[in-house]
Amino acid sequence: MNDLNTNMIEKYRNSFLNEVEANVEEGEWVKMCMQCGVCSGSCPLGNAWEHPPQELFMMIRAGKREEVLSSDSMWMCTSCYNCIVRCPREVPITHIMHGLAHYARRLGMEPKEQPTAKFAQLFWDNLMKKGRVNELKLGIDLYFKVGEGMKTALKNKDIGIAMWKAKRMNPMEFFGGHAVKDLNGFQKAIKKAEELEAARLDKHKA
Amino acid sequence: MSDEIKYSGYLCTGCGIGDRLDASQIEMIATREGKMSACKSHEMLCSKEGVEMIRNGIDNDGVTHVMIAACSRRAKVEAFNFNDVAMTRANLREGVIWVRPDDDEQQETTQEMADDYIRMACAELRSSKQPAPSGEQTLNKNILVVGGGVTGMTAAIEAAKAGYTVHIVEKSGALGGWASKWYKRIPFKAAAAGTSNSRTADLPQPIETGVDEMIAAVEADGNITVHLNSIVSKTSGAPGRFSADISTESGSTTTENFGSIVQASGFTLFDPSELSAYNYANSADIITNAEMEELAKAADGGPIKRPSDGKEVQSVAFVQNVAQSSDKKGELPYHSGIGDLIAIKQAIYCNDLNPGCSTTIMFDNLRTPGAAGEDFYRAGQQAMITFTKGIVSEVVAGDSPTVKFKDLILDDDAEMACDLVVLDVGMVPNSGPDPYAGIEDLETGKAGGESEVVGDAIEEAAKAAPEVSVDSILNLGYRQGTDLPQLKWGFTDSHFICFPYETRRTGIYAAGPVRRPMDIKQAQDDATGAALKAIQALEHAGSNNAVHPRVGDLSFPTFRKEGCTQCKRCSVECPFGAIDEDDKGFPMYNESRCRRCGTCMGACPVRVISFENYSVETVGQQIKNVEIPAEFDENPRILVLACENDAYPALDQAAISGEEVSPWARVIPVRCLGSVSISWVTDAMSNGYDGVIMMGCQRGEDYQCHFVRGSAMAAERMAKVGDTLEQLGLESERVVVHEVAITDIVRAPALIKEMEETIDKIGPSPFKF
Numbered sequence: 001m002n003d004l005n006t007n008m009i010e011k012y013r014n015s016f017l018n019e020v021e022a023n024v025e026e027g028e029w030v031k032m033c034m035q036c037g038v039c040s041g042s043c044p045l046g047n048a049w050e051h052p053p054q055e056l057f058m059m060i061r062a063g064k065r066e067e068v069l070s071s072d073s074m075w076m077c078t079s080c081y082n083c084i085v086r087c088p089r090e091v092p093i094t095h096i097m098h099g100l101a102h103y104a105r106r107l108g109m110e111p112k113e114q115p116t117a118k119f120a121q122l123f124w125d126n127l128m129k130k131g132r133v134n135e136l137k138l139g140i141d142l143y144f145k146v147g148e149g150m151k152t153a154l155k156n157k158d159i160g161i162a163m164w165k166a167k168r169m170n171p172m173e174f175f176g177g178h179a180v181k182d183l184n185g186f187q188k189a190i191k192k193a194e195e196l197e198a199a200r201l202d203k204h205k206a
Numbered sequence: 207m208s209d210e211i212k213y214s215g216y217l218c219t220g221c222g223i224g225d226r227l228d229a230s231q232i233e234m235i236a237t238r239e240g241k242m243s244a245c246k247s248h249e250m251l252c253s254k255e256g257v258e259m260i261r262n263g264i265d266n267d268g269v270t271h272v273m274i275a276a277c278s279r280r281a282k283v284e285a286f287n288f289n290d291v292a293m294t295r296a297n298l299r300e301g302v303i304w305v306r307p308d309d310d311e312q313q314e315t316t317q318e319m320a321d322d323y324i325r326m327a328c329a330e331l332r333s334s335k336q337p338a339p340s341g342e343q344t345l346n347k348n349i350l351v352v353g354g355g356v357t358g359m360t361a362a363i364e365a366a367k368a369g370y371t372v373h374i375v376e377k378s379g380a381l382g383g384w385a386s387k388w389y390k391r392i393p394f395k396a397a398a399a400g401t402s403n404s405r406t407a408d409l410p411q412p413i414e415t416g417v418d419e420m421i422a423a424v425e426a427d428g429n430i431t432v433h434l435n436s437i438v439s440k441t442s443g444a445p446g447r448f449s450a451d452i453s454t455e456s457g458s459t460t461t462e463n464f465g466s467i468v469q470a471s472g473f474t475l476f477d478p479s480e481l482s483a484y485n486y487a488n489s490a491d492i493i494t495n496a497e498m499e500e501l502a503k504a505a506d507g508g509p510i511k512r513p514s515d516g517k518e519v520q521s522v523a524f525v526q527n528v529a530q531s532s533d534k535k536g537e538l539p540y541h542s543g544i545g546d547l548i549a550i551k552q553a554i555y556c557n558d559l560n561p562g563c564s565t566t567i568m569f570d571n572l573r574t575p576g577a578a579g580e581d582f583y584r585a586g587q588q589a590m591i592t593f594t595k596g597i598v599s600e601v602v603a604g605d606s607p608t609v610k611f612k613d614l615i616l617d618d619d620a621e622m623a624c625d626l627v628v629l630d631v632g633m634v635p636n637s638g639p640d641p642y643a644g645i646e647d648l649e650t651g652k653a654g655g656e657s658e659v660v661g662d663a664i665e666e667a668a669k670a671a672p673e674v675s676v677d678s679i680l681n682l683g684y685r686q687g688t689d690l691p692q693l694k695w696g697f698t699d700s701h702f703i704c705f706p707y708e709t710r711r712t713g714i715y716a717a718g719p720v721r722r723p724m725d726i727k728q729a730q731d732d733a734t735g736a737a738l739k740a741i742q743a744l745e746h747a748g749s750n751n752a753v754h755p756r757v758g759d760l761s762f763p764t765f766r767k768e769g770c771t772q773c774k775r776c777s778v779e780c781p782f783g784a785i786d787e788d789d790k791g792f793p794m795y796n797e798s799r800c801r802r803c804g805t806c807m808g809a810c811p812v813r814v815i816s817f818e819n820y821s822v823e824t825v826g827q828q829i830k831n832v833e834i835p836a837e838f839d840e841n842p843r844i845l846v847l848a849c850e851n852d853a854y855p856a857l858d859q860a861a862i863s864g865e866e867v868s869p870w871a872r873v874i875p876v877r878c879l880g881s882v883s884i885s886w887v888t889d890a891m892s893n894g895y896d897g898v899i900m901m902g903c904q905r906g907e908d909y910q911c912h913f914v915r916g917s918a919m920a921a922e923r924m925a926k927v928g929d930t931l932e933q934l935g936l937e938s939e940r941v942v943v944h945e946v947a948i949t950d951i952v953r954a955p956a957l958i959k960e961m962e963e964t965i966d967k968i969g970p971s972p973f974k975f
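Chains as they are written, first to last, in the working numbering: chain A, 1 to 206; chain B, 207 to 975.
If you're looking for bench data, these hints aren't it; they were derived computationally from the structure.
A hint or two may mislead.
Said to hold, decoys possible - Cross-link-like lysine to any residue pairs, in silico, SDA-like; alpha carbons within 20 Å at most: (1) Lys612/B <-> Asn571/B; (2) Lys595/B <-> Met172/A; (3) Lys595/B <-> Lys191/A; (4) Lys595/B <-> Met32/A; (5) Lys387/B <-> Leu559/B; (6) Lys612/B <-> His51/A; (7) Lys595/B <-> Arg89/A; (8) Lys64/A <-> Leu616/B; (9) Lys64/A <-> Ala487/B; (10) Lys64/A <-> Asp617/B; (11) Lys64/A <-> Thr608/B; (12) Lys347/B <-> Asp427/B; (13) Lys241/B <-> Lys387/B; (14) Lys129/A <-> Met172/A; (15) Lys64/A <-> Lys241/B; (16) Lys64/A <-> Ala947/B; (17) Lys11/A <-> Pro561/B; (18) Lys64/A <-> Lys595/B; (19) Lys11/A <-> Gly562/B; (20) Lys118/A <-> Ser70/A; (21) Lys595/B <-> Ser15/A; (22) Lys610/B <-> Met172/A; (23) Lys367/B <-> Leu738/B; (24) Lys11/A <-> His51/A; (25) Lys612/B <-> Glu67/A; (26) Lys595/B <-> Lys129/A; (27) Lys511/B <-> Ala487/B; (28) Lys191/A <-> Ala120/A; (29) Lys64/A <-> Trp49/A; (30) Lys612/B <-> Val38/A; (31) Lys694/B <-> His541/B; (32) Lys595/B <-> Gly63/A; (33) Lys64/A <-> Lys612/B.
As the list claims (entries may be wrong) - Stretches of chain A that chain B covers, calculated by requiring three or more beta carbons in the stretch to come under 8 Å of a beta carbon on chain B: (34) 58-72; (35) 181-192.
Said to hold, decoys possible - Every beta carbon over 12 Å from chain A, so not counted as near; a handful from chain B, in silico: (36) Ile211; (37) Gly224; (38) Thr344; (39) Arg405.
Cβ atoms here follow ideal geometry from the backbone N, Cα and C, with glycine treated the same way.
Put together the whole structure using the sequences plus the hints.
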């Protein structure tokens with residue numbers, strides 16, 4: 001268990017709901033869920049979720065911290081926004097799902113070998129290098145780190161060639177790729193943001 | 207005005223009556239057979255000129271009895287409003303031309319129908335008198351309010367504002383009742399229109415009870431007299447002339463006269479001591495919702511402390527629906543409805559007064575009725591109340607009481623330890639002893655007839671209901687018991703669909719939680735309504751006419767003393783306990799308690815009870831004056847006795863909707879099926895009618911009868927008519943009783959058609975001449 005997780009448990013000993021309110025994006029909305037289940041019924045991937053959104057909200061209120069944060073349910077969200085559109089209470093469910101996933105990841109509690117989590121990390125690392133997503137490298141990383149390597153790459157070769165011809169993808173990107181105009185500035189901004197976030201979390205240690 | 211009687215007929219030829227019917231033949235029948243001195247016609251009798259023609263006859267020609275042959279008696283009542291004469295109406299429009307096809311083939315039978323309705327209306331008129339007030343009644347603008355809680359105080363304040371004097375009789379030593387123990391009350395206004403779904407929206411919060419202000423208003427009001435530590439030890443009389451003995455605890459008694467009474471005796475909280483699963487009796491920290499209010503009130507703005515050791519409460523579980531909607535003996539078979547609103551209110555207190563306190567409401571069905579309902583639920587969510595759908599199996603007593611429950615959403619068996627457990631218990635009405643306890647179950651079972659199971663279920667429910675207080679509240683000196691009759695589960699209701707304010711005792715209105723469980727706002731609304739009803743009752747009593755439902759009716763029942771056998775049927779069967787008995791056992795009618803249904807008239811075996819314009823004779827003469835064709839004509843006659851409240855309007859509506867009614871039917875409206883005298887049926891049979899249909903309202907548990915028991919009484923009496931028919935050598939199918947609703951506009955004519963077919967099958971009556 002990492003330090004941050006231990007600290008969070010200490011701080012919110014009595015209420016996981018309070019913890020979610022304070023640390024999860026849009027977490028203040030969880031209490032407003034009235035358990036109608038429209039979100040769960042609207043989710044196109046609903047049957048892939050062990051705990052659909054409405055149930056996750058109830059689990060948060062029932063204090064099931066471990067189960068919620070280590071669940072892979074919120075990682076299933078594809079951001080189709082069906083649930084937000086339909087929620088009679090206008091709860092921003094999609095945002096909360098990502099917020100929960102992000103919070104679980106920060107605490108190191110996300111399920112291991114979770115493909116969405118892995119891809120998210122690839123995406124982030126890729127983006128950080130140049131301030132722009134290098135789609136060629138991201139694709140290749142995806143094939144070799146999440147998919148089945150060469151087999152997956154070959155399966156998609158026709159699409160790749162078509163995109164090259166249509167000038168949607170440049171093979172030369174493989175050797176570095178283009179960057180934002182002020183790469184130095186971009187990296188400084190990110191670094192600053194990370195510092196602020198760390199400082200915020202440090203407060204919980206106190 | 208001379209005492210000379212002059213009958214006069216008026217025929218309307220408008221609305222197609224003149225086109226479809228032979229007006230000169232009608233006029234001839236009215237004058238020759240109907241013995242009208244004249245029969246004038248007008249092409250639109252309800253017009254100003256038409257009405258003036260009738261008025262002129264009354265004012266200048268000495269007409270004392272008016273027969274109007276036009277539309278249904280339910281139509282144009284404002285135009286044909288002649289209170290200074292006796293009046294009858296022949297229904298030629300809805301009763302004849304609108305229910306018969308307009309073709310030559312049907313012309314003869316249609317005309318026959320119209321002719322008969324003229325004969326009937328004239329016959330009815332000849333045996334009617336102009337109703338005149340008895341002068342028995344007086345105007346008394348003093349109102350008795352029993353109970354000094356929110357309901358009683360509201361009724362008193364409202365009546366006093368309208369200029370009436372009020373006496374409040376309160377059993378305890380202070381005004382205010384339960385609500386004076388409350389910290390705050392449930393809000394009753396929804397969030398402002400357009401309030402968003404935002405989690406920070408401005409939503410309704412618990413509000414001040416306002417009870418202290420009410421008490422101050424009552425005490426300051428010169429029109430209101432308060433009797434504390436007092437009960438009503440005796441009530442006698444009738445609306446307009448009630449007399450009540452108000453006795454204090456110390457034994458002194460004062461007698462006051464009242465015009466009407468409001469009973470606001472309130473409720474008692476259900477006692478959960480006997481429920482083993484909740485351990486209420488075994489822990490000071492397992493409390494009822496009322497005790498939670500007292501804790502919050504005692505905290506006086508500071509933190510709520512738990513009763514056992516004074517610890518500031520940091521976690522509270524609200525266990526909802528304790529022993530409510532239950533089929534278990536000793537528990538409540540109904541739900542109080544407002545328990546979840548109370549729990550939300552109290553959980554919000556905990557959040558406000560004890561910062562950081564965690565609150566959980568364990569519900570099965572969360573119900574938040576009222577205008578603020580859903581918004582108040584959201585306010586509870588904003589306040590971080592945890593709403594858990596679950597079924598509580600046990601509350602374990604201990605240092606921290608533990609609630610064991612099944613979480614129905616997560617399908618988990620869970621338990622939760624907390625500082626305080628609040629039980630949501632229901633409201634039990636403070637009714638006096640039910641005058642009809644025992645009798646009613648028996649009768650409902652019998653009258654229901656169709657389904658044994660229903661009867662059993664009612665009996666079961668009656669058994670399941672807990673014992674209510676049996677001390678009399680009103681101590682009425684009525685023939686039929688000391689208190690208001692109860693509808694169900696101890697609540698003093700009468701007709702919750704049509705007449706929500708009425709009880710079965712005229713001039714006495716129940717208000718507040720004695721009628722059904724309600725919160726402060728509902729009780730205040732209810733009390734205001736009851737105050738208005740009380741005013742209406744005493745004003746009508748003062749002007750000598752009926753208050754409800756035949757508002758303004760001047761007729762009242764009287765009896766021919768020489769003929770009375772003192773059998774007491776009228777005084778026992780009156781659905782409203784209006785009739786007492788004098789020392790010698792003769793009935794005393796108390797006309798201002800009377801609703802003019804005529805159930806007494808139907809009950810009387812020697813037919814001595816009558817109204818001026820409604821009697822055994824007025825209907826009997828209509829039956830006898832129908833022309834019965836000889837047998838070989840194959841023209842049957844069907845007598846339809848239709849309740850004027852539902853069945854008759856249903857037939858009118860059938861006419862308006864273009865339904866056909868059998869040309870053999872002759873419909874006579876009756877005030878209530880309960881007023882039907884068996885002699886009408888036997889007379890009809892011996893006069894050669896081929897069938898008799900009685901149409902009344904639904905009876906039994908979910909009765910629709912305007913007079914509560916009239917329809918049931920009729921069914922009971924008619925159950926015995928089969929023997930009479932047998933003695934006459936007639937088939938029992940010739941007489942049927944149907945329950946007809948006001949919406950049965952297709953079914954009512956179909957029932958007549960059905961009788962036509964029955965007669966086809968069994969042949970004409972052998973009694974034709």
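Taking the hints in turn, this is what the structure says about them:
For a cut-off of 20 Å, the pair hint linking Lys612/B to Asn571/B stands: about 14 Å separates their Cα positions. Annotation: proposed proximity of Lys595/B to Met172/A is violated, straight-line Cα distance about 59 Å (limit 20 Å). Note on Lys595/B and Lys191/A: the hinted pairing is violated, with a Cα-Cα distance of about 46 Å set against a maximum of 20 Å. Proximity of Lys595/B to Met32/A is assessed by CA-CA distance (about 15 Å); at most 20 Å being required, the pair is judged to hold.
At most 20 Å may separate the alpha-carbon atoms for a hinted pair to count; Lys387/B and Leu559/B meet this at roughly 17 Å. A hinted pair counts as satisfied when its Cα atoms are at most 20 Å apart, and Lys612/B with His51/A qualifies at roughly 18 Å. A hinted pair counts as satisfied when its Cα atoms are at most 20 Å apart, and Lys595/B with Arg89/A qualifies at roughly 18 Å. Between Lys64/A and Leu616/B, the direct Cα distance comes to roughly 11 Å. Compliance with the 20 Å bound is thereby established for this hinted pair.
Between Lys64/A and Ala487/B the alpha-carbon distance is near 33 Å, which puts this suggested pair outside the 20 Å criterion. For the proposed pair Lys64/A and Asp617/B, the alpha carbon gap of about 13 Å is at most 20 Å, so the pair holds. For the proposed pair Lys64/A and Thr608/B, the alpha carbon gap of about 19 Å is at most 20 Å, so the pair holds. This hinted pair checks out: Lys347/B and Asp427/B have alpha carbons roughly 16 Å apart, not beyond 20 Å.
Restraint check for Lys241/B and Lys387/B: not satisfied, since their Cα atoms lie roughly 72 Å apart, outside the 20 Å limit. Only pairs whose Cα atoms come within 20 Å are accepted, and Lys129/A paired with Met172/A is accepted, the gap being roughly 16 Å. The straight-line distance between the Cα atoms of Lys64/A and Lys241/B is roughly 92 Å, outside the 20 Å bound, and the hint therefore fails. Taking the CA atoms of Lys64/A and Ala947/B, the gap is about 56 Å. The hint is violated against a cut of 20 Å.
Taking the CA atoms of Lys11/A and Pro561/B, the gap is about 16 Å. The hint holds against a cut of 20 Å. A hinted pair counts as satisfied when its Cα atoms are at most 20 Å apart, and Lys64/A with Lys595/B qualifies at roughly 16 Å. Restraint check for Lys11/A and Gly562/B: satisfied, since their Cα atoms lie roughly 13 Å apart, inside the 20 Å limit. For a cut-off of 20 Å, the pair hint linking Lys118/A to Ser70/A stands: about 15 Å separates their Cα positions.
Between Lys595/B and Ser15/A the alpha-carbon distance is near 18 Å, which keeps this suggested pair within the 20 Å criterion. For the hint pairing Lys610/B with Met172/A, the CA-to-CA distance comes to about 66 Å; that exceeds 20 Å, so the pair is violated. At most 20 Å may separate the alpha-carbon atoms for a hinted pair to count; Lys367/B and Leu738/B meet this at roughly 11 Å. A distance of roughly 26 Å separates the Cα atoms of Lys11/A and His51/A; the hinted pair therefore is violated under the 20 Å criterion.
At most 20 Å may separate the alpha-carbon atoms for a hinted pair to count; Lys612/B and Glu67/A meet this at roughly 18 Å. Restraint check for Lys595/B and Lys129/A: the C-alpha separation of about 49 Å exceeds 20 Å, so the hint is violated. For the suggested pair Lys511/B and Ala487/B, the alpha carbons sit about 19 Å apart, so the restraint of at most 20 Å is met. Proposed proximity of Lys191/A and Ala120/A is supported: the alpha carbons are some 19 Å apart, at most 20 Å.
A hinted pair counts as satisfied when its Cα atoms are at most 20 Å apart, and Lys64/A with Trp49/A qualifies at roughly 17 Å. For a cut-off of 20 Å, the pair hint linking Lys612/B to Val38/A is broken: about 23 Å separates their Cα positions. For the hint linking Lys694/B to His541/B, the alpha-carbon distance of about 13 Å falls within 20 Å, and the restraint holds. Between Lys595/B and Gly63/A, the direct Cα distance comes to roughly 15 Å. Compliance with the 20 Å bound is thereby established for this hinted pair.
Taking the CA atoms of Lys64/A and Lys612/B, the gap is about 15 Å. The hint holds against a cut of 20 Å. For a cut-off of 8 Å, the count of residues in the region 58-72 of chain A with a CB near a CB of chain B stands at 5, and the three-residue condition holds. Coverage of the region 181-192 of chain A by chain B is violated. Counting CB-CB distances below 8 Å, 0 residues qualify, and the rule asks for three or more. Here Ile211/B stays apart from chain A, with its beta-carbon at least about 72 Å from theirs, past the 12 Å limit.
Non-interface status of Gly224/B relative to chain A is upheld: no Cβ of that chain comes within 12 Å, the nearest being about 61 Å off. For Thr344/B, the condition that its CB be more than 12 Å from all CB atoms of chain A holds, with the nearest at approximately 58 Å. Listed as a non-interface residue, Arg405/B fails to keep its Cβ farther than 12 Å from every Cβ of chain A; the least gap is roughly 5 Å.
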